[in-house]
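Trainee: Given these sequences and hints, build the entire structure.
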Amino acid sequence: MKKAFMSLFAAIALGTLLPSCLGDGGDSTYSGEREFAVVTRNATDNTIIEAKLSSGIRITGGDITSCSPGDAILVTYKVNFNNYIDETTIRADYATIASGDRFLSASQKRIVESPFTQTPTEDNSFTGINNPSGSYDQYFLDRWITTIGAQVQSDQNISFELYYNEDNQGLENTELAGQTLPDNTIILDAKLVKSVSDTQGSKTAKTQILVADLTTLRALNPLKITGTTSGTDMNIWLRYPKYNSNASSDDKKYTLAVIQKAFILRYYASSSN
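All letters in the sequence shown, in the order written, are residues -22 to -1, 1 to 251 by mature numbering (1 follows the signal peptide of the UniProt record, and there is no 0).
Some hints could be false.
To be verified - Taking lysine to aspartate or glutamate and the EDC-like style, the derived pairs with C-alpha atoms no more than 20 Å apart in a straight line are:
no., residue 1, residue 2
1, K56, D71
2, K239, E150
3, K169, E144
4, K87, E139
5, K56, D41
6, K184, D79
7, K184, E139
8, K169, E100
9, K184, E100
10, K239, D115
11, K169, E150
12, K202, E144
13, K231, D101
14, K181, D101
15, K239, E153
16, K181, D133
17, K56, E11
18, K172, E100
19, K184, D101
20, K230, E150
21, K172, E139
22, K230, D101
23, K87, D115
24, K169, E139
25, K169, E91
26, K202, D115
27, K230, E153
28, K231, E100
29, K56, D79
30, K172, D101
31, K202, E91
32, K239, D211
33, K231, E150
34, K239, D161
35, K239, E144
36, K231, E153
37, K230, E100
Hint data in this document are derived by calculation from the structure and do not stem from the laboratory.
Mentor: Shown next, in the form of structure tokens:
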């Protein structure tokens, strides 16, 4: 509960926290539905696998125990605050992870440091990317969750890749052309990735939930930010080709959109952050 969060519920309905007091004994319970969490080992007993939830608590038990540290999950759970197993962690009454709601560490999207540019076309444009949700101070181990959308063939799956190109850090040719990138800010580019299609014909709208792992970007620290006691932020804007179905003319249907402060990495002087 002590951690601060930035736009935790902006991307999707990541969780609903429902407090209640039950019975004469005053048992205090909380429940969450598909709440974003990152799996870690317990700080005092590394045999215990637990999840750090967006609500600010840590729980273990249920489906969480079959996960691996570094996995990200959307978990539905109920806890009773009388069931702490140590100073930080609660054993859940139940904790379930639906099929497709576990994002293995190896499948999370990491930053590619490489020259990269793209011109918006019908083939490479997203219909949108929701503002990613996460924590700037490593509570979620630099994992952020978002939802992407694109028009594709019915048999195609979609994903994205994230690129950092130090030589392409301007806002030219974007919807923010003419503006200057603020201090302590970098741009990442999102590239739409589609599976091979065996069909032809009309396209359909698809969405996909993805998790980005910014660990390598934090270590790269491209702006060479010096951490402070209170923390110094590196703001990360996300640039991506976007299809606009409401465009007034064909030449405006495909643009380079920008999500300002899509991610934030905070650097502290006295920690590994």
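Trainee: Next step is simple, just say for each hint if it's right about the structure.
Mentor: Okay, the hints, checked on the actual structure:
1. K56 - D71: 5 Å, holds
2. K239 - E150: Holds, at roughly 18 Å.
3. K169 - E144: Cα-Cα ~16 Å, so holds.
4. K87 - E139: 6 Å, holds
5. K56 - D41: 13 Å, holds
6. K184 - D79: 17 Å, holds
7. K184 - E139: Given pair K184, E139 holds - Cα atoms ~17 Å apart, limit 20 Å.
8. K169 - E100: 13 Å, holds
9. K184 - E100: With Cα atoms ~15 Å apart, K184 and E100 stay inside 20 Å; holds.
10. K239 - D115: Roughly 14 Å separates the two Cα atoms, so the pair holds.
11. K169 - E150: 18 Å, holds
12. K202 - E144: 13 Å, holds
13. K231 - D101: 12 Å, holds
14. K181 - D101: 11 Å, holds
15. K239 - E153: 15 Å, holds
16. K181 - D133: 10 Å, holds
17. K56 - E11: 9 Å, holds
18. K172 - E100: 13 Å, holds
19. K184 - D101: 14 Å, holds
20. K230 - E150: 15 Å, holds
21. K172 - E139: Roughly 11 Å between the alpha carbons, so the hint for K172 and E139 holds.
22. K230 - D101: The hint holds at about 15 Å.
23. K87 - D115: 19 Å, holds
24. K169 - E139: 5 Å, holds
25. K169 - E91: 13 Å, holds
26. K202 - D115: Holds: K202 and D115 sit about 17 Å apart, inside 20 Å.
27. K230 - E153: Judged against 20 Å, a Cα distance of about 10 Å means the pair holds.
28. K231 - E100: 9 Å, holds
29. K56 - D79: 17 Å, holds
30. K172 - D101: 10 Å, holds
31. K202 - E91: Distance of about 15 Å is within 20 Å: holds.
32. K239 - D211: 10 Å, holds
33. K231 - E150: Judged against 20 Å, a Cα distance of about 17 Å means the pair holds.
34. K239 - D161: 12 Å, holds
35. K239 - E144: Holds: K239 and E144 sit about 17 Å apart, inside 20 Å.
36. K231 - E153: 12 Å, holds
37. K230 - E100: Satisfied, since the Cα-Cα distance of roughly 12 Å is no more than 20 Å.
Going through the hint list in order, the structure satisfies each hint without exception.
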